[in-house]
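At position 690 of the sequence shown the residue is numbered 809 (the working numbering), and the sequence of numbers has no breaks.
Certain hints may be false.
Stated by the list, open to error - Each computed EDC-like pair below joins lysine to aspartate or glutamate, with the alpha-carbon atoms no more than 16 Å apart:
1) K314 <-> D759
2) K310 <-> D514
3) K596 <-> E613
4) K467 <-> E613
What the hints assert, rightly or not - Simulated restraints on C-beta separations:
5) T508 <-> F339: 26 to 32 Å
6) R472 <-> K510: 43 to 49 Å
7) A466 <-> Y498: 47 to 53 Å
8) T581 <-> K434: 52 to 58 Å
9) R651 <-> Q335: 35 to 41 Å
10) F722 <-> L688: 56 to 62 Å
I should point out that these hints are in silico values taken from the structure, not numbers from a laboratory.
Just so we're clear, the structure is a prediction, and the values are computed from it rather than from any experiment.
Quick reminder that beta carbons are idealized off the backbone N, C-alpha and C, glycines included.
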Amino acid sequence: DGYRNTNIYQGGRAANQVSDDYRYQDGNYEGYAPNDGYYQGGDEPAHEEDAQSDVTEGHDEDDEVYEGEYQGIPHPDDIKEKQKNRAPAADDEYRDRADLMAERMEDEEQLAHQYENIIEECGHGRFQWTLFFVLGLALMADGVEVFVVGFVLPSAEKDMCLSSSNKGMLGLIVYLGMMVGAVMLGGLADKLGRKQCLIISLTINAAFSFLSSFVQGYGFFLFCRLICGLGIGGSLPIVFAYFSEFLSREKRGEHLSWLCMFWMIGGIFASAMAWSIIPHYGWGFSMGTKYHFHSWRVFVLVCSLPCIASLVALKFMPESPRFLLEIGKHDEAWMILKQVHDTNMRAKGEPERVFTVSLKKPSQVDEFIEIQSSTGTWYQRWLVRITTTFKQVWDNVLYCLTAQYRMNTLMLAVVWFTMALSYYGLIVWFPDMIRYFQEEAYESRVKIFDEEEVSHFTFNFTLENQIHRNGEYRKDKFIGMKFKEVRFEDSLFEECYFEDVTSSETFFENCTIISTVFYNTDLYEHKFINCRLINSTFLEEKEGCHLDFEEDNDFLIYLVSFLGSLSVLPGNIISALLMDKIGRIRMIGGSMLISAVCCFFLFFGNSESAMIGWQCLFCGASIAAWNALDVITVELYPTDKRATAFGILNGLCKFGAILGNSIFSSFVGITKVVPILLASSALVGGGLLALRLPETRDQVLM
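Whole structure, please, built from the sequences with the hints as guidance.
Right under this line is the structure:
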């Protein structure tokens with residue numbers, strides 16, 4: 120009765136379901152049926168006997184069943200056998216993955232050569248030239264951005280009352296944004312796509328450039344220029360990676376060099392617009408006393424036009440098919456390649472030619488991917504998506520430092536840094552030195568007046584570049600006039616009247632001022648140095664800062680930037696024509712060494728004209744190195760790491776620009792030796808190191 124107890128029956132039935140190892144050898148019985156051989160309420164005892172006879176039928180000593188098997192307990196021998204089989208299975212799994220990786224590497228190499236053949240079959244024609252001008256506008260926007268702050272700084276510092284430290288920060292903030300944007304958006308371009316990230320980059324730059332032209336406060340203007348730099352800094356690595364993937368091996372070096380000309384065009388555009396817009400004070404407007412939209416703000420607005428034009432045109436261009444192949448979208452890549460082929464063939468007058476190529480799909484290796492689930496909130500899914508993307512970007516950054524690419528990355532980093540330190544440092548140093556020579560010449564023409572006595576006279580004209588010592592002014596009127604670079608030393612002002620007076624670099628030192636009224640002037644307290652003010656009154660002082668365009672906007676500075684940008688035209692042409700003939704390495708090394716020689720001639724630049732000439736020579740010699748650096752950086756890295764590597768190196772370049780600007784400008788008016796030696800030694804070291812880089816002109820894009 121106890122054996123037939125219902126609870127025992129339930130346990131036996133469960134054990135029977137768990138165990139599946141027992142089988143009859145004669146093939147007549149495949150396993151226990153759930154109810155066979157067990158007592159059920161109302162059944163005869165004979166059923167149990169029948170079941171026992173069935174179990175023992177055809178069974179001998181050799182096939183004796185392990186008794187624990189009925190309870191679902193595995194036999195110890197089976198456990199040992201499974202453990203022995205598990206280790207070889209794991210080894211086979213790792214071996215299979217390694218084989219799959221090797222097979223994928225081989226497939227990727229075959230795909231690279233196959234893609235090269237397809238691009239050659241598509242030809243170089245209307246499609247590439249259209250993309251050339253679209254991406255050229257984006258590169259032009261980068262060139263404009265470098266010059267904008269330098270041109271508006273003289274006006275902006277007066278309009279927003281900037282101190283010397285604030286001026287320096289405004290000059291460097293754009294480079295800081297470019298450094299961050301190059302690394303961040305360059306990395307995203309290898310995960311989200313060239314076109315999509317370039318649109319994001321240009322949108323950020325256009326929006327904040329437009330906004331910066333209207334903001335009045337210094338802090339907000341600084342923030343807008345920072346974000347502008349972030350956007351335009353991200354476009355540079357994307358532009359070169361994007362365009363290179365539509366070019367064949369024979370055309371790549373030449374046409375990437377032609378593309379670099381748009382940076383020069385951007386500098387020329389910025390110089391010409393600054394020259395024609397900023398000096399025209401009447402081109403702005405005012406709303407009350409607080410809001411002023413001066414002509415330099417119009418210039419900032421106009422400088423956003425190349426970025427906007429590129430953004431609109433980019434909407435009609437396709438994604439890079441090489442990138443689509445890398446992420447497994449082979450059908451989309453095939454359709455874009457067909458579009459390139461058909462566009463070029465129609466332009467050549469051969470519309471009947473049919474695009475008949477097939478793409479081999481490389482073997483896939485399991486990777487960590489985001490699993491989009493309908494469960495969870497929207498922000499949780501976005502958080503997973505963002506963290507996954509940035510993890511992949513970080514992995515790409517680390518990949519550039521793996522054993523395969525570490526040495527090339529480090530050498531390229533040194534070359535980029537030394538080139539940026541010397542080039543951007545000297546680009547800032549040249550205008551500062553020219554301005555220093557101008558100031559020296561201006562000071563040499565100063566007029567000095569000693570012991571003059573003036574009484575009952577009305578001054579209603581401009582006093583400029585004068586020093587008045589030991590003078591006496593009694594009952595004089597200074598009405599509606601300007602002081603420019605005027606100093607009064609040890610002078611007496613008695614019962615004088617100042618009204619509607621504006622001043623620039625004007626000071627009163629050791630003066631005695633008695634019973635004098637200052638009405639609506641900008642002669643603030645800090646302009647009176649060690650002066651005695653007796654019964655004097657200041658009424659309704661002018662608020663804010665005031666522009667003086669005749670002083671602040673020197674046409675020579677615009678001319679210097681214009682000539683400096685134009686001087687790179689011969690270097691661009693030479694580098695484009697010789698890039699694929701002499702190679703990238705010789706181009707970098709030769710250009711940097713010639714630029715270093717040009718630096719030594721700066722010791723003989725003791726005048727404005729000499730400094731302008733040496734600047735043009737230096738810019739023309741160094742541009743070939745920049746072009747070759749862009750080309751070799753694109754070619755040294757595979758498709759899924761190309762924009763990331765370019766972004767890292769370009770970010771390091773902008774860091775070098777920040778250091779160069781800070782170091783070189785601090786020696787203006789002190790010595791020329793340190794800037795010249797620093798720039799030339801950096802160029803020599805970088806040029807010699809560049810000669811150890813691998814040549815890439817004969818290799819396909821991996």
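We went through each hint and held it up to the structure:
| no. | hint | in the structure |
| --- | --- | --- |
| 1 | K314 <-> D759 | holds (14 Å) |
| 2 | K310 <-> D514 | holds (11 Å) |
| 3 | K596 <-> E613 | holds (11 Å) |
| 4 | K467 <-> E613 | violated (86 Å) |
| 5 | T508 <-> F339: 26 to 32 Å | holds (30 Å) |
| 6 | R472 <-> K510: 43 to 49 Å | holds (45 Å) |
| 7 | A466 <-> Y498: 47 to 53 Å | holds (49 Å) |
| 8 | T581 <-> K434: 52 to 58 Å | holds (53 Å) |
| 9 | R651 <-> Q335: 35 to 41 Å | holds (38 Å) |
| 10 | F722 <-> L688: 56 to 62 Å | violated (27 Å) |
Taken one by one, the earlier hints fail for this structure at numbers 4 and 10, listed in ascending order.
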